[in-house]
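Generate coordinates for the entire structure from the input sequences, incorporating the hints supplied.
There are 2 protein chains.
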Amino acid sequence: MAATASSSSLLAASASSSCAAVSTRRARANPAASASLPSPSRAPSPPLRASAARALRSRVVASAAPAMQPPAASRVSTVVEVDLGDRSYPIYIGAGLLNEPDLLQRHVHGKRVLVVTNTTVAPLYLEKVTWALTHNNPNVSVESVILPDGEKYKDMDTLMKVFDKAVESRLDRRCTFVALGGGVIGDMCGFAAAAFLRGVNFIQIPTTLMAQVDSSVGGKTGINHPLGKNLIGAFYQPQCVLIDTETLNTLPDRELASGIAEVVKYGLIRDAPFFEWQEKNMPALLAREPSALAYAIKRSCENKAEVVAQDEKESGVRATLNLGHTFGHAIETGTGYGAWLHGEAVAAGTVMAADMSHRLGWIDESLKKRVIDILEQAKVPITPPETMTVEKFKSIMAVDKKVADGLLRLILLKGPLGSCVFTGDYDRNALDETLRAFCDS
Amino acid sequence: MAATASSSSLLAASASSSCAAVSTRRARANPAASASLPSPSRAPSPPLRASAARALRSRVVASAAPAMQPPAASRVSTVVEVDLGDRSYPIYIGAGLLNEPDLLQRHVHGKRVLVVTNTTVAPLYLEKVTWALTHNNPNVSVESVILPDGEKYKDMDTLMKVFDKAVESRLDRRCTFVALGGGVIGDMCGFAAAAFLRGVNFIQIPTTLMAQVDSSVGGKTGINHPLGKNLIGAFYQPQCVLIDTETLNTLPDRELASGIAEVVKYGLIRDAPFFEWQEKNMPALLAREPSALAYAIKRSCENKAEVVAQDEKESGVRATLNLGHTFGHAIETGTGYGAWLHGEAVAAGTVMAADMSHRLGWIDESLKKRVIDILEQAKVPITPPETMTVEKFKSIMAVDKKVADGLLRLILLKGPLGSCVFTGDYDRNALDETLRAFCDS
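These protein sequence lines map, in sequence, to chains A and B.
Position 81 of the first sequence, counted from 1, bears residue number 81 in full-length UniProt numbering, the numbering being contiguous throughout.
Position 335 of the second sequence, counted from 1, bears residue number 335 in full-length UniProt numbering, the numbering being contiguous throughout.
Treat the hints as calculated values from the structure; they're not laboratory data.
The reader is advised that the hints may include incorrect statements.
What the hints assert, rightly or not - Which residues of chain B face chain A? A partial, calculated answer using Cβ under 7 Å:
1) Gly85
2) Gly110
3) Trp131
4) Leu133
5) Pro148
6) Arg170
7) Asp172
8) Leu197
9) His225
10) Leu227
11) Leu231
12) Tyr337
13) Ala398
14) Val399
15) Lys401
16) Asp405
As the list claims (entries may be wrong) - Take a look, some chain B residues computed to stay more than 10 Å from chain A by CB distance:
17) Lys128
18) Thr134
19) Met160
Even glycine gets a Cβ: it sits at the ideal position worked out from N, Cα and C.
Encoded structure:
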């Protein structure tokens with residue numbers, strides 16, 4: 001089997017080899033975990049860098065000093081810092097964080113807030129978030145816009161509703177947008193914040209596993225075009241990401257499984273120990289054991305933050321986060337946005353990428369089998385829907401953002417578990433064979 | 001008259017006091033100017049900084065060295081550098097620059113170009129620009145999208161036509177968008193380039209005086225919302241701005257006069273000698289004497305580049321470029337986009353700002369009169385249309401981007417010619433009095 005490294009394989013990086021860009025601290029230990037957590041093997045954390053993170057650190061330290069603040073005051077179990085110079089920001093992870101007004105309020109700029117959410121999430125959390133924004137904070141007023149729920153509404157018409165609300169409410173440049181919901185809400189609210197008055201502050205409060213482990217972190221925002229996913233958007237970083245893991249209690253099983261597909265991705269592309277942990281703990285994740293979910297979210301955010309800090313605008317290594325996504329986006333576009341959840345499409349796409357990697361001789365049969373096994377365990381699809389034909393895949397993949405001068409570049413697995421490449425240098429026959437193997441026509 | 005400096009008056013800066021951010025060089029002398037040009041009083045130019053500028057400098061030097069290149073080869077008379085670190089870019093100014101394919105081609109990235117233009121400009125220059133992009137350059141293919149002409153089409157529906165064309169043409173991240181037209185085309189194409197695939201390269205080829213002296217420089221892009229001008233957009237810098245002054249030969253008189261309103265602005269806010277030059281040379285400008293127009297464009301671009309280099313994202317001094325624009329935008333929005341040209345609305349707005357400055361006791365009666373006189377000479381409106389009421393002004397100005405936490409900040413003249421402030425610290429009565437003085441109801 002040929003497995004020589006191409007120049008593009010330089011992009012592959014193991015999680016253990018570069019974590020300088022991310023600092024993580026656990027403010028207090030989780031309750032004894034029923035899931036088996038590997039002992040930390042990371043390099044010592046460098047100091048937090050952004051002023052917001054510094055402020056939090058003081059506070060976290062304070063929570064261990066009863067004279068300054070009651071120990072129970074903070075539920076933040078982990079802070080992951082996304083290190084992007086003057087655009088750095090913290091990701092707060094913990095159970096019940098929406099009960100901590102101070103955490104949210106420290107990142108609100110100005111006196112006006114627009115919460116962008118949807119018809120599913122609003123009845124569950126809008127009141128709570130509004131309370132958190134305004135508790136003991138009479139100067140702040142909160143508006144909200146409630147969008148229809150679903151990927152098929154991630155379009156320009158729906159985005160305009162956010163601008164309409166912002167303009168009608170006379171929000172100015174000192175306002176803050178808050179994204180309360182899953183990936184669609186985060187992407188749309190973020191793009192609206194990037195474009196409203198040429199840019200206002202925003203905060204991510206992801207309420208789905210998909211958004212908590214992936215889409216809320218890193219500043220990719222945007223909407224779909226009828227002909228392709230996420231073709232219109234901006235790189236625009238939030239002020240903070242606030243992950244209250246208790247919001248997962250209201251998440252449907254199908255949505256939970258969809259999020260797990262992105263967790264699996266981090267293991268495959270750069271974090272072999274995390275993948276091995278997932279293989280052992282998939283039942284705990286599906287059973288929503290809090291400590292297992294918290295660990296999966298933390299480790300995913302760390303991986304994401306490290307990659308984003310290295311390559312914010314996706315000129316190289318960041319593209320590897322799209323393992324399975326080129327196939328997956330084709331499924332989402334080809335079946336009509338929303339028929340499949342994003343993670344479901346990514347899961348099938350990941351199996352296709354592993355299949356193609358194996359056909360190219362870049363990974364062993366056994367690794368391909370492990371990919372299929374873990375996704376089957378997670379109860380997500382491992383093949384595309386029957387309506388997807390070879391031609392449909394090809395025509396949609398031709399407008400993928402990773403096409404460059406007509407050449408489709410793909411993220412493929414190469415070498416041992418935890419290694420991948422982003423490359424346009426592969427045998428076209430392997431792609432054709434994979435498409436034919438997964439499509440009836 | 002009270003004319004004490006407030007803290008906000010620190011923003012006022014005279015052109016002669018800070019030109020380090022801009023370098024200008026004349027590649028060859030203009031033909032003997034019939035307009036009187038002041039002798040250069042600027043500090044020696046620092047070296048050009050961006051690599052593109054370095055490449056051009058070599059070329060410009062070469063044009064004076066027959067052994068390397070024929071002297072007639074370059075029509076570039078001036079290069080103004082916009083100094084923004086790794087986003088720096090040159091503004092080329094000269095007669096006949098569209099006849100120089102090399103100038104344009106050096107800034108095209110990738111093999112695919114999308115020219116965004118309108119129904120008025122396409123018949124005049126689209127063929128020429130396509131020729132310039134492809135001459136001796138068979139690897140590049142050019143698509144174009146021709147939008148309807150006018151401010152009323154600067155909206156999301158029309159912007160979507162650009163995205164549609166880009167997606168249907170399967171353009172990828174290595175493509176280049178070219179804005180060929182006036183300010184509306186430049187603003188829309190720039191925002192489309194900022195958002196397509198989260199950002200692709202773009203080039204500005206402004207063909208109106210308004211766009212050449214103002215809107216094509218500095219990276220402000222965007223579209224209008226039905227309730228307010230330019231409320232949706234991005235700060236996004238081009239690869240270069242190419243100003244072929246010969247394109248002004250096809251510009252209607254009304255459009256020419258509209259552009260002059262922005263030229264007048266630079267003199268009023270920061271460049272007294274330039275204003276004095278305009279007072280003497282307005283007849284030459286209106287008669288389109290090439291040397292007078294070339295000087296006005298060059299000096300305007302230098303002023304704009306200096307301000308933008310100091311404050312790219314308008315956190316302070318850049319706002320001063322909006323003298324008269326808050327009143328002007330209200331006129332444009334209130335009368336329906338396109339009824340008045342942008343410069344016409346700005347002209348009336350500038351007189352209103354001068355009137356209010358005088359009511360506040362911040363400028364002499366004589367300066368207010370000079371503002372009115374020069375704009376009357378330029379044959380642009382000096383009062384708003386009769387349909388604008390005090391209430392209409394107030395309700396539209398309330399959504400202006402310069403409102404902060406509910407307070408409307410304005411650019412007002414203060415002190416001698418060439419000085420202004422950007423401030424929310426003014427007597428509200430003066431604003432009311434100005435509105436009442438200019439509106440019938």
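Comparing the hints with the structure gives:
With a least beta-carbon distance of about 13 Å to chain A, the hint placing glycine 85 (chain B) at the interface is violated under the 7 Å criterion. A least Cβ separation of about 6 Å between glycine 110 (chain B) and chain A falls short of the 7 Å threshold, and the interface hint therefore holds. A cut of 7 Å between beta carbons decides the hint on tryptophan 131 (chain B): the least distance to chain A is about 22 Å, and the hint is violated. Nearest Cβ of chain A to the Cβ of leucine 133 (chain B): about 16 Å, over the 7 Å cut. The hint is violated.
Hint status for proline 148 (chain B) relative to chain A: violated, with the closest Cβ pair at about 18 Å, above 7 Å. With its C-beta approaching chain A no nearer than about 5 Å, arginine 170 (chain B) sits inside the 7 Å limit, and its interface hint holds. Hint on aspartate 172 (chain B) holds. Least Cβ distance to chain A is approximately 4 Å, under the 7 Å limit. For leucine 197 (chain B), the interface hint holds, since its Cβ comes within 7 Å of a Cβ in chain A; the closest pair sits about 5 Å apart.
The interface hint given for histidine 225 (chain B) holds, since its Cβ lies 5 Å from the closest Cβ of chain A, which is under the 7 Å cut-off. Against a cut-off of 7 Å between C-beta atoms, the interface hint on leucine 227 (chain B) holds, since the closest Cβ of chain A lies about 5 Å away. For leucine 231 (chain B), the interface hint holds, the least distance from its beta-carbon to any beta-carbon of chain A being 6 Å, beneath 7 Å. At about 15 Å, the closest approach between the beta carbon of tyrosine 337 (chain B) and any beta carbon in chain A exceeds 7 Å, and the interface hint on this residue is violated.
The beta carbon of alanine 398 (chain B) is positioned within 7 Å of a beta carbon in chain A (closest approach about 6 Å), and the interface hint is therefore held. For valine 399 (chain B), the interface hint holds, the least distance from its beta-carbon to any beta-carbon of chain A being 5 Å, beneath 7 Å. Because the closest C-beta pair between lysine 401 (chain B) and chain A is about 5 Å apart, less than 7 Å, the hint holds. A least Cβ separation of about 5 Å between aspartate 405 (chain B) and chain A falls short of the 7 Å threshold, and the interface hint therefore holds.
Lysine 128 (chain B), annotated as away from the interface, keeps every beta carbon of chain A farther than 10 Å; the closest lies near 26 Å. Listed as a non-interface residue, threonine 134 (chain B) keeps its Cβ farther than 10 Å from every Cβ of chain A; the least gap is roughly 16 Å. Interface exclusion of methionine 160 (chain B) from chain A breaks down, the closest Cβ pair being 6 Å apart, not more than 10 Å.
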